[in-house]
Amino acid sequence: MSRPETTAPPELFYNESEARKYDSSSRMIKIQEEITTRAMEMLGLPNRPCYILDIGCGSGLSGQVLEEAGHYWVGCDISSSMLSVAAEQDSDTGDLCHADMGQGLPFRPATFDGIVSISAIQWLCYSNAADQDPKLRLNRFFSSLYTVMKRDAKAVLQFYPETPEQAVLIAQCASRVGFSGGIVVDYPNSSKAKKHYLCLSFERSYHVPRALTGAETMSVASGGAMSMAGSAAASAVGTFDALAAASGNVSVLGRERDEKTRRMTKNGRKALRKKHSVEWVRHKKEQMRGRGKAVKNDSKYTGRKRPTPF
Amino acid sequence: MRLLTHNSLKCPVKGVAKGYPLQLTIVDMEVDETEVKPDFIRGILPSLEWEGVLVAAAAVGFDGLPESWDTSLLDDRDFILAMHRLLIDIHIVEGVLTCPETGRTFPIKGGIVDMVLPESDV
Chain S
1 MSRPETTAPP ELFYNESEAR KYDSSSRMIK IQEEITTRAM EMLGLPNRPC
51 YILDIGCGSG LSGQVLEEAG HYWVGCDISS SMLSVAAEQD SDTGDLCHAD
101 MGQGLPFRPA TFDGIVSISA IQWLCYSNAA DQDPKLRLNR FFSSLYTVMK
151 RDAKAVLQFY PETPEQAVLI AQCASRVGFS GGIVVDYPNS SKAKKHYLCL
201 SFERSYHVPR ALTGAETMSV ASGGAMSMAG SAAASAVGTF DALAAASGNV
251 SVLGRERDEK TRRMTKNGRK ALRKKHSVEW VRHKKEQMRG RGKAVKNDSK
301 YTGRKRPTPF
Chain A
1 MRLLTHNSLK CPVKGVAKGY PLQLTIVDME VDETEVKPDF IRGILPSLEW
51 EGVLVAAAAV GFDGLPESWD TSLLDDRDFI LAMHRLLIDI HIVEGVLTCP
101 ETGRTFPIKG GIVDMVLPES DV
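Those protein sequences? They're chains S and A, same order as listed.
The first sequence begins at 1 in the working numbering and counts up by one.
The second sequence begins at 1 in the working numbering and counts up by one.
Isolated chain S, as found in the complex (with noise of 0.2 Å):
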């Protein structure tokens, strides 16, 4: 199934059939629902009500949970049909704007006590007309996230990145605007559950919050392990200096296999017979005798280190 920001742009791809089906999908109300929880867990709010920034609200599912919180927020979407669901709720806290977050958030400087956004920054990576420039959208959008919030507020953005560029690149654009933070991946091994949500901060102290793992065994055949600093670690986090560190060095680790299994693969076993060992001269004798070749018996002395040269 191809992905959506590579089928349409983001206005065109949320009509009015598919925003009516997005909002009725019960997988989707849960899946966003869960999200939007563990974001705003991950903003650490203080306990009163507050005046929050949802980017790319959609069709009001992640603005519910925040009204249900007991916040203020607006919403803002480059898709009217799903303004238009997300209107329809007639939230008693929530507002809805019509606005392309790639072209600067249009709001005044020091405004909002946090920001959440969901399943929606990765568009900004994709060119969906010819005077689009993904990095020029990239850094207007973050340029303007840094000026909207407050001094003590937060962002989490959660995100899909198509790749592990993509979520460098984004990662990499917010902190070129002055963002502390970094990127939290939570079950990292698993592709269904995995989720990637880009932390800010203005603190230069500030710490990501911590990942979800889920199950802590790793089966041997378990793949997809995305290295963001460098560590294979079973909760992946990349914080912007390791990031820095290891941007050009970029890579999907592919699967991580132990000692154990690489040992058992054939490039493994052919690893283990050194050339010229007792096992390696055993083997070619085996299949010399295997060819119909005239070899002599093994005994305890094949292979063995003569002591003296001739």
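Since the hints were made in silico from the structure, they are not lab data.
One should not assume that every hint holds.
Capping the alpha-carbon separation at 25 Å, the derived lysine-lysine pairs in BS3-like fashion look like this [said to hold, decoys possible]:
#	chain 1	residue 1	chain 2	residue 2
1	S	K21	A	K109
2	A	K37	S	K150
3	S	K150	A	K18
4	S	K274	S	K296
5	S	K30	S	K194
6	A	K109	S	K150
Only part of the chain A face toward chain S is listed, based on derived beta-carbon distances under 8 Å [said to hold, decoys possible]:
#	residue
7	Y20
8	D75
9	G111
Footprint (simulated), chain A over chain S, 3 or more residues, beta carbon under 8 Å [to be verified]:
#	stretch
10	44 to 54
11	161 to 169
12	198 to 208
13	303 to 309
None of these values were measured; they are calculated from a predicted model.
Note that the Cβ used here is the ideal one computed from N, Cα and C, for glycine as well.
Following the hints, put chain A in place on chain S, whose structure we already have.
Same frame as chain S, but now just chain A:
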């Protein structure tokens, strides 16, 4: 669109010096009655653009607001209530926001304000 949102908006056109407060022209509005959250009002008061509040109040015909506010008003129960009624309970359903610098207009339709610009202006 609530007047709190109006107070938060800024004109996103490139090169704009300030871009707020946006002028407000109302074609259709509704008045709601929702639960007052005094903590929230007290929390946002310091960061409101007061000039924008006065612009909004004038547009909807809301009288009685002071020219400027001070922290003693935070304890004034009636003032908090009035701010809630103005900023939260009034909804602009149809109208226009206008940038004081560029004259660019942003329509409000079905309660949703349209801030999307053509690429050339960003």
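Structure-based check of each hint:
For a cut-off of 25 Å, the pair hint linking S/K21 to A/K109 stands: about 24 Å separates their Cα positions. The suggested pairing of A/K37 with S/K150 holds, with an alpha-carbon distance near 20 Å, which does not exceed 25 Å. For the suggested pair S/K150 and A/K18, the alpha carbons sit about 17 Å apart, so the restraint of at most 25 Å is met. Distance hint between S/K274 and S/K296 is fulfilled; the C-alpha atoms sit about 21 Å from each other, no more than 25 Å.
For the given pair, S/K30 sits about 15 Å from S/K194 by alpha-carbon distance, which is consistent with the 25 Å threshold. At most 25 Å may separate the alpha-carbon atoms for a hinted pair to count; A/K109 and S/K150 exceed this at roughly 29 Å. Satisfaction of the interface hint for A/Y20 is found here, the shortest Cβ-Cβ separation to chain S being roughly 6 Å, below the 8 Å cut-off. The beta carbon of A/D75 is not positioned within 8 Å of any beta carbon in chain S (closest approach about 17 Å), and the interface hint is therefore violated.
The interface hint given for A/G111 holds, since its Cβ lies 6 Å from the closest Cβ of chain S, which is under the 8 Å cut-off. Counting residues of the stretch 44 to 54 of chain S whose beta-carbon sits less than 8 Å from any beta-carbon of chain A gives 4, enough to reach three: the coverage restraint holds. Evaluation of the coverage hint for the stretch 161 to 169 of chain S: breached, as 0 residues show C-beta separations to chain A shorter than 8 Å, against a requirement of three. Coverage of the stretch 198 to 208 of chain S by chain A is violated in this model, with 0 residues showing a Cβ closer than 8 Å to a Cβ of that chain against a need of three.
Only residues whose beta carbon comes within less than 8 Å of a beta carbon in chain A count, and the stretch 303 to 309 of chain S has 0; fewer than three means the coverage is violated.
Hint violations for this structure: numbers 6, 8, 11, 12 and 13, all remaining hints satisfied.
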